[in-house]
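A.B. asks: The residues making up each chain are set out below.
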Amino acid sequence: MSADQLSVTFAALADPTRRAILARLAQGEAPVTELAKPFDLSLPGISKHLKVLQRAGLITQGRNAQWRPCRLEPARLKEASEWVGEYRRFWDESFQRLDEVLQEMIQKEKHEDEDHAQD
Amino acid sequence: MKMKTMPKTEYTIEPGRQDIVSTVVIDAPRELVYRAYTDPKLFARWWGPSRYENDIEKFDIRRGGEWRVIQRGADGSEHPFRGVTHEAVAPERICQTFEYEPIAGHVALQTATFEELGNKTRITAQIVFQSVMDRDGMVASGMKSGADESMERLQELLDSLKSGK
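Read top to bottom, the protein sequences are chains A and B. FYI, the numbering for the first sequence is 1 to 119, going by our numbering. FYI, the numbering for the second sequence is 120 to 284, going by our numbering.
Treat the hints with caution; some may be incorrect.
Said to hold, decoys possible - Have a look at the derived ranges for each label pair, beta carbon to beta carbon:
1) A:96 - B:158: 12 to 20 Å
2) B:205 - A:15: 31 to 39 Å
3) B:136 - A:17: 18 to 26 Å
4) B:235 - A:68: 51 to 59 Å
5) A:68 - B:135: 24 to 32 Å
6) B:194 - A:63: 43 to 51 Å
7) B:184 - A:57: 39 to 47 Å
8) B:239 - A:111: 16 to 24 Å
9) B:177 - A:48: 47 to 55 Å
10) B:239 - A:68: 47 to 55 Å
11) A:117 - B:179: 32 to 40 Å
12) B:224 - A:62: 41 to 49 Å
What the hints assert, rightly or not - Only pairs whose alpha carbons sit at most 20 Å apart, straight line, appear in this in silico DMTMM-like list of lysine to aspartate or glutamate:
13) B:177 - B:206
14) B:177 - B:197
15) B:160 - A:100
16) A:78 - B:133
17) A:110 - B:146
18) B:160 - A:93
19) B:127 - B:146
20) B:127 - B:235
21) B:239 - A:93
22) B:127 - A:100
23) A:108 - B:150
24) B:160 - B:185
25) B:239 - B:150
26) A:48 - A:73
27) A:51 - A:40
28) B:239 - A:100
29) B:127 - A:86
30) B:239 - A:104
31) B:160 - A:109
As the list claims (entries may be wrong) - A few chain B residues that face chain A, going by a derived Cβ cut-off under 10 Å, partial list only:
32) 135
33) 145
34) 147
35) 164
36) 167
37) 242
Treat the hints as calculated values from the structure; they're not laboratory data. In this text, a Cβ means the ideal position worked out from N, Cα and C, and glycines have one as well.
Here chain A stands alone, though its shape is the one from the complex (with noise of 0.2 Å):
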């Protein structure tokens, strides 16, 4: 995937209500009236997000059924997910083991604390 990819979706995601739009569609599809229910948001006001979300790939709208469904299109949130994922993962793992490594050093010194207290 191009890095100016991964910039559109992360513009796209750069909004609350997009990501609650997103959480709502990861449970499974819905139609804009729904969606626009937790907002307070007229409905022109939720189509604006939705082309965002779309234009990005992020969702598609159904063409067909008279309500129009909106559907979770995983695939580019995956790819941006993947490389916030490969950071995290990266930093996650590092600080774990940073921590393990303090804790030992704390311990050591613990002990070399009560060495001289017997000498």
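Dock chain B against the given chain A, drawing on the hints supplied.
C.D. replies: Positioned in the frame of chain A, the structure of chain B alone reads:
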């Protein structure tokens, strides 16, 4: 049985920006944390994913000093990283350049700041890339691994973006 507490790292990765900020609170005094960052033997034990062995070739954590670390996988893969220390102020902060050698020329500036919280330490690691594309591209090529496909990652992604607000 006492449960081992895992350090929880918060990531701030905002769209359109050139930096990534990671914050974690570690249950250890600041002087020790600083040592773990500057002593090559200690550093080799924690930096990067555990599936790699760190081969520390240079590790001069002083103003102008060079560092070069090669991460070696059991499968023979090698990931060399290098940079120069801009400043190292014990036990407060370390500022260095950072470059993944296979994509040389895309140099980032990383700063680790250590804050005292009683007996704990808050580590704030900021990395600033030369461009948004560098930020987005570097990690993708430099830290690739077999990615798992589960939808759990969606939640992870949404969470990490939330923490960026």
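A.B. asks: Now tell me, hint by hint, if it's right for this structure.
C.D. replies: Here is what the structure says about each hint:
no.	hint	result
1	A:96 - B:158: 12 to 20 Å	19 Å, holds
2	B:205 - A:15: 31 to 39 Å	36 Å, holds
3	B:136 - A:17: 18 to 26 Å	20 Å, holds
4	B:235 - A:68: 51 to 59 Å	56 Å, holds
5	A:68 - B:135: 24 to 32 Å	31 Å, holds
6	B:194 - A:63: 43 to 51 Å	47 Å, holds
7	B:184 - A:57: 39 to 47 Å	45 Å, holds
8	B:239 - A:111: 16 to 24 Å	21 Å, holds
9	B:177 - A:48: 47 to 55 Å	53 Å, holds
10	B:239 - A:68: 47 to 55 Å	52 Å, holds
11	A:117 - B:179: 32 to 40 Å	37 Å, holds
12	B:224 - A:62: 41 to 49 Å	46 Å, holds
13	B:177 - B:206	16 Å, holds
14	B:177 - B:197	16 Å, holds
15	B:160 - A:100	14 Å, holds
16	A:78 - B:133	17 Å, holds
17	A:110 - B:146	15 Å, holds
18	B:160 - A:93	18 Å, holds
19	B:127 - B:146	11 Å, holds
20	B:127 - B:235	17 Å, holds
21	B:239 - A:93	19 Å, holds
22	B:127 - A:100	14 Å, holds
23	A:108 - B:150	15 Å, holds
24	B:160 - B:185	16 Å, holds
25	B:239 - B:150	10 Å, holds
26	A:48 - A:73	18 Å, holds
27	A:51 - A:40	18 Å, holds
28	B:239 - A:100	14 Å, holds
29	B:127 - A:86	16 Å, holds
30	B:239 - A:104	15 Å, holds
31	B:160 - A:109	17 Å, holds
32	135	6 Å, holds
33	145	5 Å, holds
34	147	4 Å, holds
35	164	5 Å, holds
36	167	6 Å, holds
37	242	8 Å, holds
The structure agrees with every numbered hint stated previously.
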